[in-house]
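Enquirer: Fit chain B to the known structure of chain A by using the hints.
Number of protein chains: 2
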Amino acid sequence: MTKHLQRDLEVLKQQLLTMGGMVEQATDLAISAVVDRRKDLAEQVLKGDDDIDRKELEVEDECLKMLALHQPVATDLRFIISVLKVNNDLERMGDLAKNIAERAATLCDQPPLAVAKDFRRMAERVRKMVHECIDALVERDVELARRVCLEDREVDEENRRRFAELQQTMKSDPATVERAVSLLSVSRHLERIADHATNVAEDVVFLVDGEVIRHLRLTRARAQ
Amino acid sequence: MTKHLQRDLEVLKQQLLTMGGMVEQATDLAISAVVDRRKDLAEQVLKGDDDIDRKELEVEDECLKMLALHQPVATDLRFIISVLKVNNDLERMGDLAKNIAERAATLCDQPPLAVAKDFRRMAERVRKMVHECIDALVERDVELARRVCLEDREVDEENRRRFAELQQTMKSDPATVERAVSLLSVSRHLERIADHATNVAEDVVFLVDGEVIRHLRLTRARAQ
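Protein sequence lines correspond, in order, to chains A and B.
51 is the number of the first residue of the first sequence in the working numbering; add one for each residue after it.
51 is the number of the first residue of the second sequence in the working numbering; add one for each residue after it.
Bear in mind the hints are in silico, worked out from the structure with no lab data behind them.
All values reported here derive from a predicted model rather than from experimental measurement.
Please note: incorrect hints may appear among the correct ones.
Given that identical chains are not distinguished, each listed pair holds provided it fits within a single copy or across any two copies.
Stated by the list, open to error - With a Cα cut of at most 30 angstroms, we get these calculated DSS-like pairs of lysine-lysine:
1) Lys53 x Lys115
2) Lys167 x Lys178
3) Lys221 x Lys167
Just chain A, with the same shape it has in the complex (with noise of 0.2 angstroms):
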């Protein structure tokens, strides 16, 4: 590997790091948007999606150039490649955050519903496989790559749980139908940011072990 390309690999891996914070943050505080009433915070989120998408600009931009520039071959063409689908994925999961907190918005002028304060526990989980799927990444660490997979069972779990909450509190107040509608999209959103950050882990299992787990796990379900 050439220096200036190694050199370019480190800014890469920086402006992930940098992009997958930004997704945190904006998920924290979504969530928070929904559990503590905070219309301000979803404001904030809502604010920050922009910089969100010029990142993603950025960052494909430095692809492409490193990609023409440097030619890369094997392990360093993959990582590219991968840079490209996971910083795909960040984008993906900044929308999500940006879903949640126009859910919240709405939520606010509206009265509470007590069911919300049971994301706080799914929220915690789903940012922390945000943050983890990235480390994965930069880290080029399998481990915690596979723990964020097993991860993403827990939070269907969750998305199951909210689900039948919510629907038993529809069939006991029709009143409360449309916040609920609200909350349910809330759930679904968190889980596909799970999703998204499930894909990032299994992009750097292949990307270190060549290994295609994502069809295989498929397989395997499949087989029990």
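Expert: Okay, now just chain B, sitting in the frame of chain A:
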């Protein structure tokens, strides 16, 4: 461009068209399973998802090989990167069709809800977008790509209408809550398939015009 690269690019386009066709068909079958209450179609979609996943890996592999072998620059590099991104979008559209099929399978075992019929038009629109975004990519047809982006707004509108209807249904009859929540998911999954088609279309515009409409559109929306 070498003859070898030209031939490989042709193969790549064909693979992408095949995959696009698979996703289009899955979307189509999944929604028929919901509207016509055909569990057999739902099962067909669930079974076919593995093929879409395999195709994704094939396309990704092909792209990596082409990058390493031909070390393309400029337009060819951008095209291959676009294919990588689009490939990812298509796989996720396939997943969403699978999610719809899962909901359909559950709904088939429960008494019908009249509102399910209203999904046909929305589904037809989405299926068309899936078809058009792939055509736009392989033909580098910017006009078609722009049309896909506009169609996305109609789908968003349909999604909002489905949400309003379904909330009304739940409020007037709490016994419908589970089924209505399933249909909410179907509506959202369809809307997300359309979002992915829009991502693809935006990539086409970027590829051909070098214009980043994703974020332009966003800035414009904000300004309104």
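Enquirer: Evaluate each hint against the coordinates.
Expert: Against the structure, the hints:
1. Taking the shortest Cα distances, lysine 53 and lysine 115 sit within 30 angstroms of each other both inside one copy (16 angstroms) and across copies (25 angstroms).
2. In this homomeric assembly, lysine 167 and lysine 178 come within 30 angstroms of each other (Cα to Cα) only inside a single copy, at 18 angstroms, whereas the closest approach across copies is 41 angstroms.
3. Proximity of lysine 221 and lysine 167 under a CA criterion of 30 angstroms is satisfied in both settings, with 19 angstroms inside one chain copy and 24 angstroms between copies.
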